[in-house]
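Peer 1: Line by line, the protein sequences give chains A and B.
full-length UniProt numbering puts the first sequence at residues 1 to 367.
full-length UniProt numbering puts the second sequence at residues 1 to 367.
Be aware that one or more of the hints could be misleading.
[Unchecked claim] Cut-off 30 Å, straight-line C-alpha distance, at most; resulting in silico cross-link-like pairs (DSSO-like, lysine-lysine):
| hint | chain 1 | residue 1 | chain 2 | residue 2 |
| --- | --- | --- | --- | --- |
| 1 | A | Lys204 | A | Lys194 |
| 2 | B | Lys181 | A | Lys20 |
| 3 | B | Lys42 | A | Lys4 |
| 4 | B | Lys181 | A | Lys4 |
Hints are computed from structural coordinates only; laboratory data are not their basis.
There are 2 protein chains.
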Amino acid sequence: MEIKELGEFGLIDRFTKDIKIQNTSTVVALRDDAAVVSYGDKQTLVTTQMFMEGIQFDLTYIDMEHLAYKCAMATISNIFAMNGSPRQILCTIALGKRFGVSDLDSFYLGLRRACKKWNVDIVGGDTTSSYTGLAITLTCLGEAAPEDIVLRSGAHETDLICVTGDLGAAYMGLQILEREKTVYYQQIQEYQQKVKAAQDADDKLRLQALAKEKELLDAFQPDFAGKEYLIDRQLKPEARGDMLEVLHTAGIHPTSMIDISDGLASELKHICKESDCGCRVYEDKLPIDFQTASTCEEFNMNLTTAALNGGEDYELLFTCPIGDHEKLEHIEGVHQIGYITKSNLGAFLIARDGNEFELQAQGWSNQ
Amino acid sequence: MEIKELGEFGLIDRFTKDIKIQNTSTVVALRDDAAVVSYGDKQTLVTTQMFMEGIQFDLTYIDMEHLAYKCAMATISNIFAMNGSPRQILCTIALGKRFGVSDLDSFYLGLRRACKKWNVDIVGGDTTSSYTGLAITLTCLGEAAPEDIVLRSGAHETDLICVTGDLGAAYMGLQILEREKTVYYQQIQEYQQKVKAAQDADDKLRLQALAKEKELLDAFQPDFAGKEYLIDRQLKPEARGDMLEVLHTAGIHPTSMIDISDGLASELKHICKESDCGCRVYEDKLPIDFQTASTCEEFNMNLTTAALNGGEDYELLFTCPIGDHEKLEHIEGVHQIGYITKSNLGAFLIARDGNEFELQAQGWSNQ
Chain A
1 MEIKELGEFG
11 LIDRFTKDIK
21 IQNTSTVVAL
31 RDDAAVVSYG
41 DKQTLVTTQM
51 FMEGIQFDLT
61 YIDMEHLAYK
71 CAMATISNIF
81 AMNGSPRQIL
91 CTIALGKRFG
101 VSDLDSFYLG
111 LRRACKKWNV
121 DIVGGDTTSS
131 YTGLAITLTC
141 LGEAAPEDIV
151 LRSGAHETDL
161 ICVTGDLGAA
171 YMGLQILERE
181 KTVYYQQIQE
191 YQQKVKAAQD
201 ADDKLRLQAL
211 AKEKELLDAF
221 QPDFAGKEYL
231 IDRQLKPEAR
241 GDMLEVLHTA
251 GIHPTSMIDI
261 SDGLASELKH
271 ICKESDCGCR
281 VYEDKLPIDF
291 QTASTCEEFN
301 MNLTTAALNG
311 GEDYELLFTC
321 PIGDHEKLEH
331 IEGVHQIGYI
341 TKSNLGAFLI
351 ARDGNEFELQ
361 AQGWSNQ
Chain B
1 MEIKELGEFG
11 LIDRFTKDIK
21 IQNTSTVVAL
31 RDDAAVVSYG
41 DKQTLVTTQM
51 FMEGIQFDLT
61 YIDMEHLAYK
71 CAMATISNIF
81 AMNGSPRQIL
91 CTIALGKRFG
101 VSDLDSFYLG
111 LRRACKKWNV
121 DIVGGDTTSS
131 YTGLAITLTC
141 LGEAAPEDIV
151 LRSGAHETDL
161 ICVTGDLGAA
171 YMGLQILERE
181 KTVYYQQIQE
191 YQQKVKAAQD
201 ADDKLRLQAL
211 AKEKELLDAF
221 QPDFAGKEYL
231 IDRQLKPEAR
241 GDMLEVLHTA
251 GIHPTSMIDI
261 SDGLASELKH
271 ICKESDCGCR
281 VYEDKLPIDF
291 QTASTCEEFN
301 MNLTTAALNG
311 GEDYELLFTC
321 PIGDHEKLEH
331 IEGVHQIGYI
341 TKSNLGAFLI
351 ARDGNEFELQ
361 AQGWSNQ
């Protein structure tokens, strides 16, 4: 169905009808100029993130449902990074003519799935058109008791630096998707050259054979064997709210925390800047999955760079007092990778051979 | 300066350094994964709105500073439409290569001006690039005591329908801007034809004369004489928080309220839908400025259509009990334009000649 048949208000009705409110803090949702939320004696956390086609995502690799899921997880992850509980989400989306109602249906299905996973209510948004690509902004609200909130600015000298999960897998997943895209386009190009040659020679039999070949090409399935984990990390990342629960149960209250979206190095620099400190991270302590390592080798890429600067891991990076060392030892899925230093000592990686390399942050740049 | 010289984090530092926090409810702003806000026993209002280049705005007409101001007012207006006080704003912006640091400076200047007007704190956001146009999403948080919040759903049969200010002026302002754009492009086109003719004839003197003409063309100033109010309404709209204060002082508590962004007819239909009621609006009661009326005549356009469907007025549309009639009579800038009926009577305009016309809503459509 085309979007213009439904119109804006028809569309809104369509994708709001399946939304069920889960939080008592959600007072008014979806049907007014603003949503109303109420947190009693808790504090409200709010974060917003933008996702542009061609920049943050490529629809060649990801379908609308996964895209929405990923965007939601990336945004929810920011609330977890404050040690808060996500409660409400608002979604704005701008889409061009090439999108239909079924695309929006898939998008909202993915959004609802991600929100359901963390009991987040969809409470508002805005839908508009775009002359070109797809643009998405998600805003997430969360709650936390004032004393529970963990900022980027609380790290102290001698604190341990920890990360959850493993690093670099989402980035290597992207490398694989890009390779498969290249392979696919090469095959398409070769096919088109063959068709042209057959047409020029007026070779009807050959053209018939090529029509069969086209069927095979249309059914092209990228080869992800042995890379499933990497693809999953790229297309279906999970925000690590589960780890907050684990830390809480273990009696660990991080002194600072951030989620890893731009890459470990970049996030560590944020913590160092906001906490006015330095850090040392050990190359051999970086948690890396086997698939990430073997794919790095296959692609002849530097594994440490993938782990430090890959991004899109959505794992949690946090610091905690050195006294927590033993407690942390017993927690599965948390890795102690270094320690916080005085500010004037800078932010460095200690390589396997003992050499130190300055950590390089990299954010978005308008190139 | 080019954006890539500063990088994302340099940029953020640049446009956050002039932001001063004004609200005690703003606990943590700008420097973490999420902002922290705290409203005690008040409720939190939250609204989000998207603005796409070529759809919601055209940079031929509006500069970055005015654009930011307008987007902020449009978003803040949603908090006022709930009878709340705006407190915090978050801004996401995606921009292509053609934008430089000075464009972002202007944008944030406009954003700060709009926020300062209503003591709103800028507490977070996201900056990214775009392959094509400019995309902006603003999210505004506000506060209100639970008993003060006014929803779209509270209108009752016999309630009076009121609007603040006047209608259709922003829309007519847009018509003028579009006309001036057409005039300008015609002159450019004619000029280019003249240059081509002179080049073909190798007429050097003529080309010299044309170079002078080009200077005049570059200094083209659109003709807005006598239309200043309309241009102002289009390029620098103001959210009507001032009217909430006036209503409060007069002892009027609206039963339902909405801000007029898509046009009176569309917003009235929202109130009727959410309140499960109908309405009658009198054509001869619609508040219209003299400049709007005279420009409609000049453009041979229907004045009532401009007032009903023009949009971008950002005035407040509200209902209140019929008993408030006399109080309302004494309030300057508030106009009683009709009344609420039972749902089965529909939503109609009563024309000057007594005929009734069904009101037509119009939202965004993906044409």
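Peer 1: Below or equal to 30 Å on CA atoms is what counts here, so check lysine 204 of chain A against lysine 194 of chain A.
Peer 2: Holds: lysine 204 of chain A and lysine 194 of chain A sit about 13 Å apart, inside 30 Å.
Peer 1: Are the Cα positions of lysine 42 of chain B and lysine 4 of chain A separated by 30 Å at most?
Peer 2: violated, 40 Å
Peer 1: Under the criterion that the straight-line Cα-Cα distance not exceed 30 Å, is the pair lysine 181 of chain B, lysine 20 of chain A satisfied?
Peer 2: Status violated; Cα separation ~47 Å.
Peer 1: Run the distance test for lysine 181 of chain B versus lysine 4 of chain A: straight-line Cα separation, threshold 30 Å.
Peer 2: Judged against 30 Å, a Cα distance of about 28 Å means the pair holds.
Comparing the model with each numbered hint stated earlier shows that hints 2 and 3 do not hold.
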